[in-house]
Amino acid sequence: MDITVNGTLHSLDLPDDTPLLWALRDGLGITGVKYGCGIAQCGACTVHIDGQAVRSCQVALGDTWGDVTTIEGLSAPDALHPVQQAWIAHQVAQCGYCQSGQIMQAVDLLSLNPTPTDEDIDQVMSGNLCRCATYPRIRAAIHTAASMMREA
Amino acid sequence: MSRLGTYTRRGFLIGSVAVAGGVVFGVRSYRANLENPLTAALGPGEAALTPYVKITADGITIITPRAEMGQGIHTTLASLVAEELDVDLADIAVEHGPPSSAYFNGGVVEEGYPFPATDQSALAEFARAQRDIPAVFLAYQITGGSTSTHDAYEKMRRAGAIARETLKAVAATRTGLPVADLKTQSGAVVLPDATRLPYTELAADAADVELADAPALRPKSEWRILGKSQDRLDVVAKSTGRAIYASDIRLPGMRFGVIRRSPYPIGTIRSFDATEALALPGVEAVLDIGTAVVAVATTTWAAMQALDAVTYDWTPPTYPADTEGHFAAIAAAFATNRPNSRQRDDRDVEAALNGAATSGAEVIEAEYRVPYLAHTTMEPMSAAALYQNGGLQIWAGTQGPTVARREAAKAAGIEEDAVTITTTLLGGGFGRRGEMDFVQNAVKVAIQMEGTPVLLTYSREDDTSRGPYRPAAIGRFKATVHNGLPVAVDVSTASPSILKGINDRGGSPASIPDIVPDFTISQALWDQPYGIENYRVTAYRSDPLLPVGFWRSVGASQNSFFHECMMDEIAVAAGRDPVEMRLDLITDDPSRRVLEAVAEMADWGTPLPEGRARGVAFALVFGAPTAQIVEVEQTPRGIRLTHAWVAADVGVALDPRNLDAQLISGVSYGLSAAIGEKITLSDGMVEQSNFHDYPPMRMYQAPPVTTRILENAPHIRGAGEPGTPCAAPALANAVFALTGERIRSLPLGDHIAFV
Ligand code: FES
Ligand code: FES
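First to last, the sequence lines map onto chains A and B. Residue 15 in numbering that gives the first Met the number 0 sits at position 16 of the first sequence, and the numbers go up by one each step. Residue 625 in numbering that gives the first Met the number 0 sits at position 626 of the second sequence, and the numbers go up by one each step.
Excised from the complex, chain B in its bound form (with noise of 0.2 Å):
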């Protein structure tokens, strides 16, 4: 039985609503209460329609409530309604639609849950169903942790489905035929006798039609869209120039500011002097508020000069001037011995590492760190945002529209009816446009220039060197070794919250006390599905320090390096190979069947080339299992990347060419910041502030990669962000294979020179 099924009897209900001119389809939710954006009056009942399908007699149009920041979802999802509806992907448009808590995001939830994800138990399974409820409540409609395919596959394709046959039951009222008679294809209801009754001229009476069962989802045996590489619906605007970013939001009579936050992350602007700026030629403005200073002039670059003639008076920092301090500072966290959280102990690995000296097993142990780490997202954060008439508009490139649009209410001090977000394309996102700052603050700009509309833009430097930021991250771990095996494994973590951090920004759809443990610190730490007989995963909790948050697999990112170069150490150790043992202790069969798949593409265990070495990694993250393999050479001038193996298993792969290419994008972030890039400080200032000291990984630098998509794992998951983890720790490996120098802190290029 379908977790959907169970709610369909439950009154989990489905429908149609008239619009102007037309009709919506969606998913009734259980919940009565929820707002629908696309319809302004209606009855109560028909308030909790959410809405994926617009039919007019202008066309067909598909509303995609994601964030599209690269990933395809739009394409994705629109692929998911266009499956049931039988439509054309060519013939329909895409809207991101309005900010609305009808678009929950399930998926971002349960990731949430203390399951992992190889736990099919009936309360983890539980769980997981239950999870809507509270993403209703929260008004999540996030973007992130590669939920949005699993959260949409079944809604939008049901939301498809019921158009389809909704639109057949007007068809067959209009005609006198059965039902059963009426077939679908390409945007039409055809008769029997092949005439086509298109939908757009169907669907002013589909309102009327109540449904009385869901229909069945079609089979994949019987796919026609699903399953097959689709071109992208934004690749042509995206060639062309003509993709629309937050910005290249242009209004009349618009003005342009840039920000100037404090150069201490956390900190504010005790005075400044405008005097001379405010001279310069296209200067309007110069504008403080609160936590920032903000010029407006007629062009940005006009702004950008204001800036610099500012003389600024900024608060102190409150944490330790350099990077040492931070380190020491996330360091005494483990020294508290008040884990954040202890989600895995299995067995007894007290005893057993006391035990190690009779036992004849072999003891290791090691630290690892890994630094802050910048975005650097290719468009620099930015917002426009017009207050008039007591109303305020946004146009921003947020992963979290419901949330922007609340904390635009507050920066504003109006009410949340008052304010519209249209959510454009993202210039990348990475976890950083789930941020909420630069809508907060293009809106303190709005409100004191009312009546103007203002496109605010940070420069690359401020966006770089005042964060928020992946955290640093120290990992220790402490191992037994015997038989060519781990016996007893001890691995804990300490950084500053995640969490926290945006919670205390203002970017948490709820608020987070302080008490509720932050799972991101150990995600993909306690999870592994690793066979080890005493196995224990502490998590800690550091004091907050730099402003930190989501970055590409959050947890994920500097974990697996922990966990998986542990591995690599006590394979080391045991005399093992790495994927050999890593077979032997893997107990999930997904798991074990994608480094199998790696283990082949890659020919692993085959004689490589004199100064040639391989390292690997595996990391069942998000839900995806993943294995990594990295090949580098030694050249005189410095380690080359010679190539990248990757396998993962999503479930389902509803768009392998669109799934190739997240594998690629995810393990490439993950090989660059692997490679070259940190986050520093010197006296409380960030040493880094653009592409020339923080330096992504370019083209002669980034090896082929090779993907292969599995789908043997139960559930579908997205592949934006399981690319990532593995890069570190497979790089890592392989350095290690080829030099036999273990390097335990990143950037590896810190340590050795890569060309």
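Isolated chain A, as found in the complex (with noise of 0.2 Å):
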């Protein structure tokens, strides 16, 4: 099985029916993609393929449908994508074990929509859970790379 993980090509010896979430963590050692709860509750394990924000949790290996990126791909160390620096201006990480798809899901949600409201935010965010309750970072950080976005 064949796929392609932030930016680079891997040969993956795996069942077809492995769900992405265990093919990138187990198989492939990349471990910024987070396990919460496996059944497309939490958003941990929030990725992208294609540009798009899934549930790696609910895609099968075999289903994988295109060029896959994980929060390690999402930007290069000196240069964080803006919805980090955000992450990192709002100070929004606790635990921090959710944010990985936190910032995922925020990323195409702004890529979507470049200037939501609060109620924009809630709504496509709500899927993505935070035992530590940092939503209201989350929330004014979404708002700051919105306009750093805009700004860029």
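One or more hints might be untrue.
What the hints assert, rightly or not - Label-pair distances were calculated between CB atoms; the ranges are:
#: 1; chain 1: B; residue 1: Gly610; chain 2: A; residue 2: Gln122; range: 18 to 28 Å
#: 2; chain 1: B; residue 1: Leu277; chain 2: A; residue 2: Asp1; range: 28 to 38 Å
#: 3; chain 1: B; residue 1: Gly530; chain 2: A; residue 2: Thr114; range: 52 to 62 Å
#: 4; chain 1: A; residue 1: Ala59; chain 2: B; residue 2: Asp272; range: 22 to 32 Å
#: 5; chain 1: A; residue 1: Thr114; chain 2: B; residue 2: Glu599; range: 34 to 44 Å
#: 6; chain 1: A; residue 1: Asp15; chain 2: B; residue 2: Gly390; range: 35 to 45 Å
#: 7; chain 1: B; residue 1: Asp90; chain 2: A; residue 2: Glu150; range: 26 to 36 Å
#: 8; chain 1: A; residue 1: Gln57; chain 2: B; residue 2: Pro703; range: 28 to 38 Å
#: 9; chain 1: A; residue 1: Asp15; chain 2: B; residue 2: Asn388; range: 35 to 45 Å
#: 10; chain 1: B; residue 1: Ala417; chain 2: A; residue 2: Met0; range: 36 to 46 Å
#: 11; chain 1: B; residue 1: Thr314; chain 2: A; residue 2: Ala59; range: 30 to 40 Å
#: 12; chain 1: A; residue 1: Asp62; chain 2: B; residue 2: Trp222; range: 52 to 62 Å
#: 13; chain 1: B; residue 1: Asp272; chain 2: A; residue 2: Thr114; range: 56 to 66 Å
#: 14; chain 1: A; residue 1: Asp77; chain 2: B; residue 2: Arg269; range: 51 to 61 Å
What the hints contain is simulated information worked out from the structure, not anything from laboratory work. By construction, the Cβ of each residue, glycine as well, lies at the ideal position given by its N, Cα and C atoms.
Take each chain as given, in its own frame, and dock them per the hints.
Now the structure itself:
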């Protein structure tokens, strides 16, 4: 099974029905993507396929229809994505475990809706749980990222 | 005279010890038999140095021996050292460090003392001063009870100051200049001519210097780092996917294990058949680890599939099969008339209650209930372990590494010396990662898989439906009200014992005999600073039921709900405003001020738009007086939380922005549970398994939370937990104000709809 992750082509010897989440984490050792529930309830496993946010626990390896981007491939360390910069500026992370998924979801949100309202943010981001309840700072960081991206 | 000053006179020595290529600084304790985990071969006198700062030619490392579970403690602990050491946080590294009794947490023991936090009497102060001694023996290195900051406040600043003065002494010797002429700044000693001697170049000679006296700590007015918001040291890693949790440990040849524990949370496996499972692709082993079955495979997914293909025969449950049976067992504890504790018994409650009829006082009484709760940390339980050549290596996000090491050795049947534990970041703790099960189980797997590193993961389902849980509990009160104030209050509570549960599961630093009262049952119930003439608080301990353990804010998570809803009922009966009535009753100044603060923040008392209402609650919890107001709104689809305000007094605010985050997190955790979380049983099995039926609060439900930190309380306190206890009562009281319906059992969502 061949799969492109963060611009690199990998060959994986795993059953087709292995969820992309576990193919990435255990097959390729790409651990920025997290397991939280396995049933599309938490968003910790969010990655992009061809730029679109998906729950990697719900995509079988064999059905992966395009190039996969995980948080590790979102930006270069010296040029962080505006969403990551905003996340740092607002000091969003607490335990941090949900944040890869939150950031990948937020990037997708802003690519579809560059000027989201609080309601837009609530609607899209409510699929991503945060047990540390960093929600207010996530909301604020998304607004900041939106304006950074508009100005860029 | 500061407590530390006293210790210095008694021989509380301080100093430094050479390590390869440099030096470590710390607090040399008054017990000479403590191991020093960072120095291998030391003389007898040196072995007691607790290291917090390591300086070598390569750089400066601050040891932050507490679990980073989101509360920002690594940053706060590093700031304490950096403040005195004169280094910039950007220029240092932090390390959790190995498990060691040298990193004891005196704060945890203090929480168990029978003195309310408001008690400044000599006896209470003495007990607090002595707190380190038993802690050392018990080798507590526990992160919990919001105690880390408090425990480290002097210790780590002092370590920084010692390091600074020692490095200055080295520079003085090298340059021939008097120490008084030397300054320090940004990781270097600065000479009068502005020449900078970096600490990293001075370190090699520092171990030879003995300071005559402990340097004085800088006054608050001179702080550059403390008291100001700092960027978290882990924030970049956590925003780029590079933060490593136990689940992320990957080792060459690693295999992935998944556990299936008994669906009857206290129970074990009788037999199982894994024939079909072993035939599945990628499955390498299906192991019997005594209390559970573990499948080991080339991916976590394959191991999960294998577990589903196993047929199991579990031992039947020994506790009541349904939720009602559990509450009946808890209720039965009241009837025993054998209290676990009666920590408050002011004047004569019986006489006051009996005399109510003649005195014209009104009598009110009620019973409250809270369910078992799961922690559902975002990262499910996990630990990696490798057993080879007689040595055991473990990677775990544990809140108690010294206990974990002991339990690991026990599970493996080897000496503790043969066990190394690396404490990773924790994907949430909330008390769950103070449990030892995931370490014990990972070790049992590693022993059977000798030579192969295995990462053991709990599925979300296993984590949610097997516990341990926050205890279910019942609270009862009877009160008399006269002339707008309570005259007599008789509160009692019953629940299974957390301490017994933890003790039996091997999670306690030292074995706790059954006769020791479990003060978590009455935590934050008996020591509230209300001046009520006749005031009695009794706690009962039920028989063990489901496994129960620490859950964010522990006993306060239910007791503040009981107590503060009671105060609201009393205020209603008395015809009083609930804030004003509490202000009339509170005897402790910092407590009164947090309540005044929150009332001012929320503009309490000003008329609200139609369809809105507010509730208030106060608690003195973990030594931090905390007050909360929650506002709710009736919408066509249900009740919406529009805002929460919280004021807390932590004594000294080390990092305001982080405290804000902690309080918001704590409030939201409490609101989440109050609205919709519960663990229930039928047929002996827990009915909840994942986030679809155990629903934590999502973004659209989370109200804005406005925080204020006060600094009037006499001791420094952490803020990880104080936000939680008042959330449920403030919300329940708001719902009462809105609907007139007094809901006396949680979650509130069982009774009314929330949006
Ligand atoms: S792990 Fe995929 S949504 Fe939770
Ligand atoms: S930061 Fe801990 S779960 Fe979101």
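Hints versus structure:
Between Gly610/B and Gln122/A the Cβ separation comes to about 23 Å, which falls inside the hinted range of 18 to 28 Å. At roughly 29 Å, the beta carbons of Leu277/B and Asp1/A sit within the given window of 28 to 38 Å. In this structure the hint that Gly530/B and Thr114/A lie 52 to 62 Å apart at CB holds, the actual value being about 55 Å. About 28 Å separates the C-beta atoms of Ala59/A and Asp272/B, a value consistent with the hinted range of 22 to 32 Å.
For Thr114/A paired with Glu599/B, a C-beta distance near 35 Å keeps the hint of 34 to 44 Å intact. Between Asp15/A and Gly390/B the C-beta distance comes to about 39 Å, which sits within the given range of 35 to 45 Å. Between Asp90/B and Glu150/A the Cβ separation comes to about 31 Å, which falls inside the hinted range of 26 to 36 Å. A C-beta distance of roughly 32 Å is found between Gln57/A and Pro703/B, which places it inside the suggested range of 28 to 38 Å.
Between Asp15/A and Asn388/B the beta carbon distance is about 39 Å. The supplied range of 35 to 45 Å therefore holds. At about 41 Å, the beta-carbon gap between Ala417/B and Met0/A stays in the expected band of 36 to 46 Å. As the Cβ distance of Thr314/B to Ala59/A is approximately 37 Å, the hint placing it in 30 to 40 Å holds. Against the hinted window of 52 to 62 Å, the Cβ-Cβ separation of Asp62/A and Trp222/B comes to about 56 Å, which satisfies the hint.
Distance hint check: the CB atoms of Asp272/B and Thr114/A are about 59 Å apart, consistent with the given range 56 to 66 Å. Checked against the hint of 51 to 61 Å, the pair Asp77/A and Arg269/B passes, with Cβ atoms roughly 58 Å apart.
Hint compliance for this structure: no hint is broken.
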